[in-house]
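Protein chains: 4
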Amino acid sequence: MAFFDTVIRNGTVVTASDTMVCDVGIKNGRIVALGEHIEEGSTEIDATDLLVLPGGIDSHVHLEQPTSDGSVMADDFESGTRSAACGGNTMVIPFSLQERGESLLNSVQEHHDRASGKCHIDYALHAIITDPSEQALVKDLPEIVKGGITSVKIFMTYENMALNDAEIFRVMEATRHVGALTMVHAENFDAIRQMTERLERAGHTGPRGHADSRPIVVEREATHRAISFAELVDVPLFVVHVSGGDVIEQIEWAKRRGLPIYAETCPQYLTLTADDLDSMPTEGAKYVCSPPPRDVANQEACWDALARGVFSTFTSDHCPFVYASDTGKQIKGAQESFKYVPNGIPGVETRLPILFSKGVSEGRITLNDFVALTATNHAKIYGMYPQKGSIAIGSDADIAIWDPKKRVTLTQDILNHNCDYTPYEGMTLTGYPVVVMVRGRVVAKDGKPAGEPGYGEFVSRGRSSLVPDR
Amino acid sequence: MAFFDTVIRNGTVVTASDTMVCDVGIKNGRIVALGEHIEEGSTEIDATDLLVLPGGIDSHVHLEQPTSDGSVMADDFESGTRSAACGGNTMVIPFSLQERGESLLNSVQEHHDRASGKCHIDYALHAIITDPSEQALVKDLPEIVKGGITSVKIFMTYENMALNDAEIFRVMEATRHVGALTMVHAENFDAIRQMTERLERAGHTGPRGHADSRPIVVEREATHRAISFAELVDVPLFVVHVSGGDVIEQIEWAKRRGLPIYAETCPQYLTLTADDLDSMPTEGAKYVCSPPPRDVANQEACWDALARGVFSTFTSDHCPFVYASDTGKQIKGAQESFKYVPNGIPGVETRLPILFSKGVSEGRITLNDFVALTATNHAKIYGMYPQKGSIAIGSDADIAIWDPKKRVTLTQDILNHNCDYTPYEGMTLTGYPVVVMVRGRVVAKDGKPAGEPGYGEFVSRGRSSLVPDR
Amino acid sequence: MAFFDTVIRNGTVVTASDTMVCDVGIKNGRIVALGEHIEEGSTEIDATDLLVLPGGIDSHVHLEQPTSDGSVMADDFESGTRSAACGGNTMVIPFSLQERGESLLNSVQEHHDRASGKCHIDYALHAIITDPSEQALVKDLPEIVKGGITSVKIFMTYENMALNDAEIFRVMEATRHVGALTMVHAENFDAIRQMTERLERAGHTGPRGHADSRPIVVEREATHRAISFAELVDVPLFVVHVSGGDVIEQIEWAKRRGLPIYAETCPQYLTLTADDLDSMPTEGAKYVCSPPPRDVANQEACWDALARGVFSTFTSDHCPFVYASDTGKQIKGAQESFKYVPNGIPGVETRLPILFSKGVSEGRITLNDFVALTATNHAKIYGMYPQKGSIAIGSDADIAIWDPKKRVTLTQDILNHNCDYTPYEGMTLTGYPVVVMVRGRVVAKDGKPAGEPGYGEFVSRGRSSLVPDR
Amino acid sequence: MAFFDTVIRNGTVVTASDTMVCDVGIKNGRIVALGEHIEEGSTEIDATDLLVLPGGIDSHVHLEQPTSDGSVMADDFESGTRSAACGGNTMVIPFSLQERGESLLNSVQEHHDRASGKCHIDYALHAIITDPSEQALVKDLPEIVKGGITSVKIFMTYENMALNDAEIFRVMEATRHVGALTMVHAENFDAIRQMTERLERAGHTGPRGHADSRPIVVEREATHRAISFAELVDVPLFVVHVSGGDVIEQIEWAKRRGLPIYAETCPQYLTLTADDLDSMPTEGAKYVCSPPPRDVANQEACWDALARGVFSTFTSDHCPFVYASDTGKQIKGAQESFKYVPNGIPGVETRLPILFSKGVSEGRITLNDFVALTATNHAKIYGMYPQKGSIAIGSDADIAIWDPKKRVTLTQDILNHNCDYTPYEGMTLTGYPVVVMVRGRVVAKDGKPAGEPGYGEFVSRGRSSLVPDR
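Chains as they are written, first to last, in the numbering used here: chain A, 1 to 470; chain B, 1001 to 1470; chain C, 2001 to 2470; chain D, 3001 to 3470.
None of these hints come from the bench; they were simulated from the model. Mixed in with the good hints there might be a few duds.
Straight-line distance between alpha carbons at most 20 Å, and here's what the computed SDA-like set of lysine to any residue pairs gives [to be verified]:
(1) LYS2339/C x THR2196/C
(2) LYS2255/C x GLU1252/B
(3) LYS2255/C x ARG1257/B
(4) LYS2255/C x VAL3217/D
(5) LYS2027/C x GLU1036/B
Only some residues are given here: those of chain B computed to face chain A with a beta carbon under 7 Å [as the list claims (entries may be wrong)]:
(6) ALA1166
(7) GLN1194
(8) HIS1224
(9) LEU1232
Quick caveat: nothing in here was measured; it's all calculated off a predicted structure. Just so you know, even glycine gets a beta-carbon here, dropped at the ideal spot from N, CA and C.
The whole structure should be built from the sequences, with the hints applied where relevant.
Shown next as structure tokens:
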């Protein structure tokens, strides 16, 4: 009988700091050996000339999340994790949205229910708090943290979701108390609403208006405000989906002051621009997400910040809506005003290949940076390390084998999400995942699913590496 | 018959840029001649070895302003302008407060009524908008601008006064439309309230808690936010009573970005610290004002910014409450929590001597800077130049003659306000105004009133120099 | 007999802070009266609808300065001051260059000799020290300061002129000792030489190579270095002819640190670009000056810094060489390599009209800023105030009357220098000086000389306003 | 026969990104297996509760380097590497100093000779160029790069060593051409010399004068200048031994501009201050090194920059001189003036324990940061990765086993250098290396040598990770 369940032979194993050619031995779903010539495995995979990377963790994903406008997210936990797997991911962290007036605890249970038995890869949950009642903060939050949900996201924009300043303050006091990490979507709601009205009065109601109604000033302002609250309450803060230079300036300013402020960016801010919203009059809605893509200078600022280590993680903010559907981008009103267009774009499957190609293959970041930004840092920051996020002895065998030379042109028909388009249609990439395994089992191969729904398990998370023990 | 009504002989006339020894000829209340040896005046004043400065304009003064907590301001338009005159001022700009729910137009009329027939020196009014209704912004505001009130202040803190972000946005759109200058009291209301609750829970309820509940972060945040809104709406912004380095950093950051952001500071931020609020347990309330005095490093930052031209004006934020009164600092509740202590300190009479002594006499700023910061810039920024603010042909003869060598120790008993204390008790100064005249008539002499109530007239103002014609 | 020698009636008198319509009375060469309706003058000038400004002071001018390469400056003290007068100036401060190995005292005497009996307008001298010997610094420098030359310029570039770091340090120690102001031409000599060699090796030897051999990095570096020495020695520093944003950033960084660092810019940095050096292959030499003009973004940075008060003065750096002459731009070698082209362009006559038109008429700066930047600040910074630089009682009657509506197209044939071209050929301006008087006597009218050589006197200067008494 | 030569069992293996409990299998001097339970080794080491780290690489060490003042370095390659081994290092990179007038190639050969057969641990060499002749740059440099010396250090200070600006430029052009990394000691020589003379004139000649003669301004200036040259020549630059906040500000400013500027700091800048130079009048010389230690605020700035990733490496700048010797700190003249005191302090043995204790044990940095800063980044930056610097399959078995709980008080008598003092006398630490092995062989145990001279081999290095392929 073979010593290992699986052995990956002769690949180039890459961690967030190291690169080595070796064999990887897997047993009972965990990595138990790295070596020059290790013993036999029941399954043997030849990885000669291939890269053996920690499977991607996408810590910013929206799946089957409830909405208040009648729209429906294109992906549920089944299709979303399937798409993720095919794009090189072994884990996602979708959000559990508390709707206003709803119990926080119930909302988490509902998302557990939605995920249960559906996932192709492992998953965890972040909690979104939109209704920071006494019950939610004092009673429910400690419960859900105990249940392994140790990060809380708040919104500073969106009808029915934006918290006011007092609420932000109170949520931070609560996350501080329980040792959870605070994440923030930083855009100023009131300003966007006022700008929107102004644009509507001017008849500027097409999709491009979406970008014009939320210039980077509104993101910068909210970021500064969130940093200020974090400073007052003395908590670390994670700023999600940073879109450009002015916001990066705030993040770095805070870091230089010694404040524990961290951030992520996403593929759309590296590759799309606001012009995508108006270049194709009828199709601009495909690029409507928040914050909106900016311009080339802001793309460069994001790339530069990625390379300099300003961003801790790189995520997709996958938030898919079908384009040709009245529960998607064609929802009632969307033709009249951009403000009705559901916010969000698909991306969980394309995140890693885009960063690999534009980042690693084109020489902007190193392979080790890639691993840190797409896997290891997520595991540490979201309290799953060393179980997840690395190729290390004892860690789960969550591995993506990449062919760094494989040329792929992104098109809707090669993707595996339930959305009907990709904003990256036609983009040609170098480098793609060819085998993806979760806990030692192959879940995707050559960009197609190879596992089954329900294999993916819920990962109960511990304290974030960013949150101090007090 | 004498050619001039009054001639001031042989003084050192100082403007915001120049210094010259000459005679000043006054006729019909205006300056009509400057010269080496001018003709005779009915009244002759010998100013040999004295400084002849434009009378001070105090553009941040609260007089007989309504409150919502039962407190009563110590000074009305009579005593306030009397006190101002004795401290070297020839003009004040108090605020006309619109109370929530009240008509903006009515509020202005009420303040006109309060001022009428009472003032020792000339006065104008700023409008405070707390209720930016359609009526207020669309109908009333153009009216009051036409009536010579061309500046609007908004609050980002204070119960019943703080505007939310949407309201700030709308007020700026309105001021932009009518060409009025927007002024802002920048502190984050929600944050202060949350901090206050936290301090109260911790039993930290003495006057020092006032400072601890509103650390400079809350001022910095609100300043950044106000700047951001001004950027979005494309209006100039005037940030009042800046208290320290972190806020100055925001102001300068905005200026370097090319934004039309301006600011003032006040004597309390150059000479007092938060320690004054707790050094004398029972008397800390005397120093309760907002923003609170900070620390020595922030004093230095304010001095440095004054010297470098970051601040456009220097004002008192005179807002007097009697210490030993239950309509003043001893109001119901004040013993239980700092949050009930009325915010504000007297200072209209001491502003100029403090800056003269600590600034000019001690070599931190030039005499020309002093004139710019205390008179000329006020006149320009608030739309009264060249009628007011300088010693120039054609300008009103609003003149303060200073003895730069005169030593004065500030004590309550030499002051002329209706308050029962001065926060600067015991401070020894070098330099004091000895004759103050408004439109050619002496209104104060040697620190005592020499005019009469009702002489002071309302000054209808034009467009601020900071507001572009569009 | 008329009371005044001259009266200028009904003009709009402008100072660095004020603007007033009044009459100006002049007697014995000084301004003795400003008033609404003053008495008669022997000469009466109607200035209705005209501006009455302090005559321009150009504190950065090179006239008949010795060179070491056989080139000859196009203007001597006669033609240079004639040209200056026609462009609205009433005073210039050319440099007295000490050549290496020469006595500092002698060099000053030689420049006095060159100037004596030649000047159309008043003049002072700066001393350039290129050979900071013990004799120069300890013996001669105090002498020349006593003789009214209270500013010392040093070069950080140019063969035979650049000081090394130890010499810079020692000069600053010496200027500190005698209370003189240190001025610096900040470009890194070694770097420029190395860059030049590289360009020559690459065959890039045309005039454009001049700009490419001294990118703004070499100016930024030298500026930072000079600031650092000034910090070590504890002296104020005046950085001449700043050409763009990176250098401005250093200046502002120093100011924010509380260092007494000041700077000027010049018309070429507001209106020309490096492209002017190569757009006309054979004529690029006409634009060769150091630092070279940069690009449009740097022009904007300079305009912005002017408007924000970062620059204390605005000068021409007039340094004229005849284009069509082998002692000018066609000097031996100039065809082979840019490095032989004499550095410098004419500009003393065009400085004021360019700033007036592009700055005041186009709304970038105020008229008061214009006066400060072109006259008053020069007088203060270079120790001649209040004798020079303002329209104030007792000051010399150095006055330029401008027609703010006059349209002029700059062309070589309207100018009065001895150079054979203007780099601003064809530029159309709004606003031009129509009468220029020095000490009450008209020296130029409608852009043509109206005085005579020798009328201009040497002005012995006192301590700079930037240099503290110790 | 055992499968492995050595197995380290059950330790906590730490890399720059990962932490895992596992066994390490070593064969033929290399790490060939990591696993949960690996096969037997001829030697078995139980590392339960211990940390298994990559051996430290000290890339800034001076050993037996020639001097020009008669002083003699306390450590040669034997004692220096012995001391290094006992302090947890498995490799050092001393400098090969080219003396002025000497051949670069010969100087390297001499240092090879000095090292050969002497070293306890592996070593490489950096080349110091003090005489950038055509021969040195064009002929010798490519040779020594081929010989595995791929980094070149230059001095901006020190008699006989400082390069002038033209030389710096040319060296950078040469390193660019051959793909070597440029390192710089950034202090302004002329400024220091001038400051020294001033201090001597003032009779301030004790050791404290050393710090006062080179305030951080001289380091900041030289850093800005070196950055500027690197920008002009387009090379990456490594700034050694950064001592405080003003220099860090320059480094970060450059990074934000996208320039490839990197830096290191050293223990003395985290733990000593300038006061150490004068607190013990006769012993201040023990702390004389360049740059000098600063103050507590600068220590904090260095710690903060370490934690934020501004510094790429942490080194000792070990440069030992015997205190009680006239070829050491008591050299002729040292009593008369600090300027004769040899510059440098010992530290190769204490570097790692100090950073471990003050950094890791006290919670300022993570264990992974420690590994990156002390080993992995050195290997990458100096072109030895993956042979050196990590615990990875295929890498040399250069390993330090640490007891993280071990308490050690640093005193001269426990150290193994040839110096007669340690500047850290009496400092109590938590965490110390207990077994150190180079290529699988134990070279130190419990702070005492366990290997032998001559075991250590020269490591020929490749291209730095910071230097791009062109």
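Checked hints:
Between LYS2339/C and THR2196/C, the direct Cα distance comes to roughly 8 Å. Compliance with the 20 Å bound is thereby established for this hinted pair. For the hint linking LYS2255/C to GLU1252/B, the alpha-carbon distance of about 12 Å falls within 20 Å, and the restraint holds. For a cut-off of 20 Å, the pair hint linking LYS2255/C to ARG1257/B stands: about 17 Å separates their Cα positions. Between LYS2255/C and VAL3217/D the CA atoms are separated by roughly 15 Å; this keeps the pair inside 20 Å, and the hint holds.
For the proposed pair LYS2027/C and GLU1036/B, the alpha carbon gap of about 11 Å is at most 20 Å, so the pair holds. At a threshold of 7 Å, the smallest CB-CB gap from ALA1166/B to chain A is about 4 Å, leaving the interface hint in force. Given the 7 Å rule on beta carbons, the hint for GLN1194/B holds: about 4 Å separates it from the nearest Cβ of chain A. Taking 7 Å as the C-beta contact cut-off toward chain A, the hint placing HIS1224/B at the interface holds, the least distance being around 5 Å.
Look at LEU1232/B: its Cβ gets to within about 6 Å of chain A, closer than 7 Å, so that hint holds up.
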